[in-house]
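Protein chains: 2
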Amino acid sequence: MGRGARTRERIVTAATELFAERGYHGTGIAELLQVARVSRGSFYHHFDDKEAVLVEISLVPVENMCTISSQIAADGRPATERIRSLAVALMEDIAAHQSQWRVFFREFELLTADRRATVLAARDRFESYWAQVLDAGYRSGEFREVSKLRLKGILGMFNFSVHWMDPGGSVSPQEIGEDFVELILAGIRAEEAHQERTF
Amino acid sequence: MGRGARTRERIVTAATELFAERGYHGTGIAELLQVARVSRGSFYHHFDDKEAVLVEISLVPVENMCTISSQIAADGRPATERIRSLAVALMEDIAAHQSQWRVFFREFELLTADRRATVLAARDRFESYWAQVLDAGYRSGEFREVSKLRLKGILGMFNFSVHWMDPGGSVSPQEIGEDFVELILAGIRAEEAHQERTF
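Chains as they are written, first to last, in our numbering: chain C, 1 to 199; chain X, 1001 to 1199.
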């Protein structure tokens, strides 16, 4: 990594921690320069303004998940296995980059119109890979049809984990992903056998 | 409502809109006073500081949901009906008070320790009513056992709607609540009959 790239990375890392802790608006440029140990001139060489750093923090995890998810969506395995892989990849990424995801979900609504549109387009692309696999599962007879609304609900289940996930906790991100997929696949309604047993 | 209560309400309403739009840290006291049309003296008569307003914005919707949910949890109907009512009540409240909920989820992590603990205690109480109904459903044979982790996932499904819910949209909050409960109850795995049909 060249010196420029290292400086850029230092700015993004410092901004992620500061935005996560104090909020985007609660973090001043001066503070960011100090924590990142870069000069004002060097900062403006890499970014137009503070908001451009927020765009990078918001875009990078979503675009990264797009790359991973597009590969999973196209890998030809049964949809049930692909949906499990999508879920595990998402939970592992949230656990590995929890501050970025937290900043993304918390702050992207504060972005100005154009920049918000760029981030939302990436998010829509990400969702489309899930839609693709759910649709493949419907066509193969593995799943019922899943509406757009339900896809929002399913993704919310995973995304909301930014607020409670403990990457050092006793359940691994992989196990959480697999467990949630099982919940989505089978639901919580007791099987008839179980219902009969209780009477 | 007395004059004091009206002033207090004006402050909370203005703060909710400002915090939702610009973030808690992005909103100055001076700006808040101006939008709420209250004097500095009057503000400090009602609140210790700006953070106390954030606590009120965060606590009120959660405590309100606690009241509604505790009644539903104790109303003696089958757990399946109670879980449906819990979900519909939550979605209707998120739709009716979307800005408060958005501020709550986005900003409560920025609260200082003591105040954060108060808000988290209310949130835990809210979750306990869902746990109570899921447990009742397990004991009655309606549901499988639902782990704490899965409850987090189920609530995330609803809570994450603060980011995408359109209260004026074509699907009502009630329909969303009912549809998500059906997803949680039955899952998306195709029934055997459907799988056979596809061959």
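Just so you know, the hints here were simulated from the structure itself, not pulled from any lab data. Check each hint, because a few of them may be wrong.
Stated by the list, open to error - A few chain X residues that face chain C, going by a derived Cβ cut-off under 7 Å, partial list only:
no., residue
1, His1025
2, Gly1026
3, Ile1029
4, Leu1032
5, Arg1040
6, Phe1043
7, Phe1047
8, Gly1141
9, Val1146
10, Trp1164
11, Pro1167
12, Gly1169
What the hints assert, rightly or not - Straight-line Cα separation of at most 25 Å, SDA-like style, residue types lysine to any residue; simulated pairs:
no., chain 1, residue 1, chain 2, residue 2
13, X, Lys1050, C, Leu110
14, X, Lys1152, C, Gly141
15, X, Lys1050, X, Ser1085
Claimed, not checked - Which chain X residues stay away from chain C? Per the calculated CB distances, all over 10 Å, these:
no., residue
16, Val1038
17, Leu1134
18, His1163
19, Asp1179
20, Ala1190
No residue lacks a Cβ here, since even glycine has one placed at the ideal position from N, Cα and C.
Hint check:
Interface hint status for His1025(X): upheld, as the beta-carbon distance to the closest one in chain C is roughly 3 Å, under 7 Å. Hint on Gly1026(X) holds. Least Cβ distance to chain C is approximately 3 Å, under the 7 Å limit. Checking Ile1029(X) against chain C by beta carbon gives a least distance of about 14 Å; that is not within 7 Å, so the hint is violated. With 7 Å as the threshold, the beta carbon of Leu1032(X) stays out of range of chain C, its nearest partner Cβ sitting at about 14 Å, so the hint is violated.
Using the Cβ-Cβ criterion of 7 Å, the hint placing Arg1040(X) at the interface with chain C is not satisfied: the shortest such distance is roughly 22 Å. Violation of the interface hint for Phe1043(X) is found here, the shortest Cβ-Cβ separation to chain C being roughly 20 Å, above the 7 Å cut-off. Interface hint at Phe1047(X): violated, since its Cβ lies 19 Å from the closest Cβ of chain C, which is beyond the 7 Å cut-off. Among the interface hints, the one on Gly1141(X) holds; its C-beta lies about 3 Å from the nearest C-beta in chain C, closer than the 7 Å criterion.
The restraint placing Val1146(X) at the interface with chain C holds, with a minimum CB-CB distance near 6 Å, inside the 7 Å limit. Hint on Trp1164(X) holds. Least Cβ distance to chain C is approximately 6 Å, under the 7 Å limit. For Pro1167(X), the shortest C-beta to C-beta distance to chain C is roughly 14 Å, which exceeds 7 Å, and the interface hint is violated. Hint status for Gly1169(X): violated, given a least beta-carbon distance of 10 Å to chain C, over 7 Å.
This hinted pair checks out: Lys1050(X) and Leu110(C) have alpha carbons roughly 20 Å apart, not beyond 25 Å. At most 25 Å may separate the alpha-carbon atoms for a hinted pair to count; Lys1152(X) and Gly141(C) exceed this at roughly 29 Å. With a C-alpha separation of about 35 Å, the suggested pairing of Lys1050(X) with Ser1085(X) is violated against the 25 Å cut-off. A cut-off of 10 Å between C-beta atoms confirms that Val1038(X) is not in contact with chain C; the least separation is 22 Å.
At roughly 8 Å from the closest C-beta of chain C, the C-beta of Leu1134(X) falls inside 10 Å, breaking its exclusion from the interface. In this structure His1163(X) is not separated from chain C by more than 10 Å, as the shortest Cβ-Cβ distance comes to only about 7 Å. At roughly 6 Å, the least C-beta separation between Asp1179(X) and chain C is not larger than 10 Å, which violates its mark as non-interface. The Cβ of Ala1190(X) sits about 5 Å from the closest Cβ of chain C, inside the 10 Å cut-off, so the non-interface label is violated.
Comparing the model with each earlier hint shows violations of hints 3, 4, 5, 6, 7, 11, 12, 14, 15, 17, 18, 19 and 20; every other hint is respected.
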